[in-house]
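Chain by chain, the residues run as shown.
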Amino acid sequence: MEGTLFNIFAGLAVLSALLVVANPFSRNPVTSALFLVTTMISISGLFVLLNAYFLAAVQILVYAGAVMVLFLFVIMLLDLREGARRKLNLVSLAMGLMAVGALFLVYKSSIDTTYGEVAQRHEGAADTGQAEAAQAKVVGSTRALGQALFSVEKGFILPFEIVSILLLVAMVGVILLSRKEPR
Amino acid sequence: MEPTLSQYLLVSGALFAIGLLGVIVRRNLLIIYMSLELMLNAANVALVAMSRFNGNLDGQVMVFFIITVAAAEVAVGLALIVALYRKRQTAEVADLATMKL
Numbered sequence: 002m003e004g005t006l007f008n009i010f011a012g013l014a015v016l017s018a019l020l021v022v023a024n025p026f027s028r029n030p031v032t033s034a035l036f037l038v039t040t041m042i043s044i045s046g047l048f049v050l051l052n053a054y055f056l057a058a059v060q061i062l063v064y065a066g067a068v069m070v071l072f073l074f075v076i077m078l079l080d081l082r083e084g085a086r087r088k089l090n091l092v093s094l095a096m097g098l099m100a101v102g103a104l105f106l107v108y109k110s111s112i113d114t115t116y117g118e119v120a121q122r123h124e125g126a127a128d129t130g131q132a133e134a135a136q137a138k139v140v141g142s143t144r145a146l147g148q149a150l151f152s153v154e155k156g157f158i159l160p161f162e163i164v165s166i167l168l169l170v171a172m173v174g175v176i177l178l179s180r181k182e183p184r
Numbered sequence: 066m067e068p069t070l071s072q073y074l075l076v077s078g079a080l081f082a083i084g085l086l087g088v089i090v091r092r093n094l095l096i097i098y099m100s101l102e103l104m105l106n107a108a109n110v111a112l113v114a115m116s117r118f119n120g121n122l123d124g125q126v127m128v129f130f131i132i133t134v135a136a137a138e139v140a141v142g143l144a145l146i147v148a149l150y151r152k153r154q155t156a157e158v159a160d161l162a163t164m165k166l
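Residue numbers (the working numbering), protein chains in the order written: chain H, 2 to 184; chain G, 66 to 166.
Chain H on its own, in the form it takes in the complex (with noise of 0.2 Å):
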């Protein structure tokens, strides 16, 4: 059941990216952002399969609702046309396509070496009945998260603070920067 929910999740969030950034049947910016709500979805449905129930909705709030939302808007301001469908340039499609490649096969070979079926088999039995018993404690609820951010000793009151002052000065940032000038 679960295998087969992030079959599901996992194969949508990596089509709808790749429509994202390479749509064959359109290059409308409205598309390639509809795409990327779809991403986001499939995104939150891998952190509910993960037990991150309280990030996965702040994923579906944030990122599909509020993020998305501004792009769209921001998109349909400055009124994109598709345009003058300009020629790829094929000499950067193809580095950057073995740029990506290269990274992503060294990333993948350093997955299968440290969490690979290989790596596994090395460990001891006793050790991977540890890992799925710590396995079952993490739930991302609301309340535990809440707990891990808060608590006195061990938390990030300092960080949150922060963060929220950083929110007030992009917000001061975006008026003063979409103003009008005055001339």
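The set of hints was computed from the structure by calculation and includes no laboratory data.
No residue lacks a Cβ here, since even glycine has one placed at the ideal position from N, Cα and C.
Don't take each hint at face value.
[Said to hold, decoys possible] Examples of chain H residues lying across from chain G (beta carbon under 10 Å, computed):
1. P25
2. S33
3. L51
4. F105
5. Q148
6. V153
7. E154
8. F157
9. S165
10. L168
11. V175
For chain H, the structure is supplied; the task is to place chain G on it using the hints.
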């Protein structure tokens, strides 16, 4: 069968690679920005997976902060793009090669 940590990390790596490809190949500022968001989300998936399989909630707290900072970053970045568009009437990186406004 329950998915393993390496499967989650693989999905995260694939999403990151796609986002990076978008930043390198695409020429539209807004799509480059969306690809950046994709890369941030890929990192989030890896962090949550690590937090789940290591039995430690700190990874999820980190993701909470990343989402907050990303929201602020999106707001400022899009405001910059709008301000730039007002001056130059374009959102293609090829037309934005000079520092002079």
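Quick rundown of the hints versus the structure:
1. P25: 14 Å, violated
2. S33: 5 Å, holds
3. L51: Constraint on H:L51 satisfied, holds at 4 Å.
4. F105: 4 Å, holds
5. Q148: Since the shortest Cβ distance to chain G is 9 Å, the answer is holds.
6. V153: 15 Å, violated
7. E154: 14 Å, violated
8. F157: 6 Å, holds
9. S165: With a closest approach of 9 Å, the H:S165 hint holds.
10. L168: 5 Å, holds
11. V175: OK, holds: H:V175 within 10 Å of chain G, min 4 Å.
In this structure, the earlier hints numbered 1, 6, 7 are contradicted, and the remaining ones agree with it.
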